[in-house]
Amino acid sequence: MTHINIASLEVGQVIGSTEFLLTRDSLVRYAGASGDFNQIHYRDDVAAAVGLPGVLAHGMLTMGAAVQVAVDWVGNAGAVVDYQVRFTKPVVVDPVNGAVLVVTGKVGEIDAENNVVRVDLEAVFDDNKVLGKAQARVQL
Amino acid sequence: MVNPNVQGKKYPATDPYLVGREKIREFAHAVKSTNPMNLDVFAAQAAGYTDVIAPPTFAVVIQERSLATVLGDPEADIDFSRVVHGDQRFIHARPIVAGDELVSELEVASVKSLGAHSMVTFETKIYDVTKELVCTAISTLVVRGDE
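Just so you know, the sequences run in chain order D and H.
In terms of the working numbering, the first sequence has 114 at position 114, counting the first letter as 1, and numbering is strictly consecutive.
In terms of the working numbering, the second sequence has 76 at position 76, counting the first letter as 1, and numbering is strictly consecutive.
In case anyone wonders, no lab produced these hints; they're calculated from the structure.
Heads up, a few of these hints could be off.
[To be verified] Pulled from the structure, derived: some chain H residues nowhere near chain D, Cβ distances all over 10 Å: (1) 6; (2) 8; (3) 38; (4) 45; (5) 72; (6) 116.
[To be verified] On the chain H side, residues computed to face chain D include the following (Cβ under 8 Å): (7) 11; (8) 13; (9) 60; (10) 86; (11) 87; (12) 91.
[To be verified] Straight line, CA to CA, 27 Å or less: simulated BS3-like cross-link-like pairs of lysine-lysine: (13) H/125 to H/23; (14) D/133 to H/112; (15) H/23 to H/131; (16) D/129 to H/32; (17) H/32 to D/133; (18) H/131 to D/89.
Ideal Cβ positions, reconstructed from N, Cα and C, are used throughout, including at glycine.
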């Protein structure tokens, strides 16, 4: 049960927007929490050696943060029944300034029969969309 | 190149993973969740859950255990240093809850060539101790070939 009335929604409607600051600390924290200790996410020398423009955020961190916009809207992390993304561009995290990720959620599709809304998420870093086909199906 | 013959190959279930309440909180902080269902036992219980629930992408931790088996399989021949995450999907039958004991079973859904690169899609089914399906995690890795 949620406070959202599906009949009041319109496709294209913005449901929320959040700015996430991803710092090197964020990457270390995510590495520890997820168990993904790939060194390209915390060592400049390793990132450079494999030809990357810098230390990158874990794609799964971007995915995990982006969906919070849909979670905050519905109020329950358990309401996200299906969530997918494509990783299209890397998020390079500056050692001093970090990286600012701006995520905006819009109503993509309304399934009134099943009380499910597809939220389309747009995640932008440095003027580029870093996720493609980022869709969260939310059970209202 | 990834061995195309592993398409359809199934890997045995992983050892059970016990989902801890503090692990969920740690993961929730890491993905910048402020949702009380992830953090506050009373809020989660008020919503009908037995304990805090995991953020929608937590299943990656379980998927990773199955993926490690494949990456260590000489038959699959996947060079991890050449792997890039292409896409990811989680289909939840129910949220993961603290106290769950989960096992995962992975199947190589497809192996495709894209020029010198390979694209491998894995389907990992995550079950609880009663063998009920909790989540299906679908992951595509792009394995870069020699340029």
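Problem set entry | Violations among the numbered hints | When the structure is compared with the hints, numbers 3, 7, 8 and 18 turn out to be violated.
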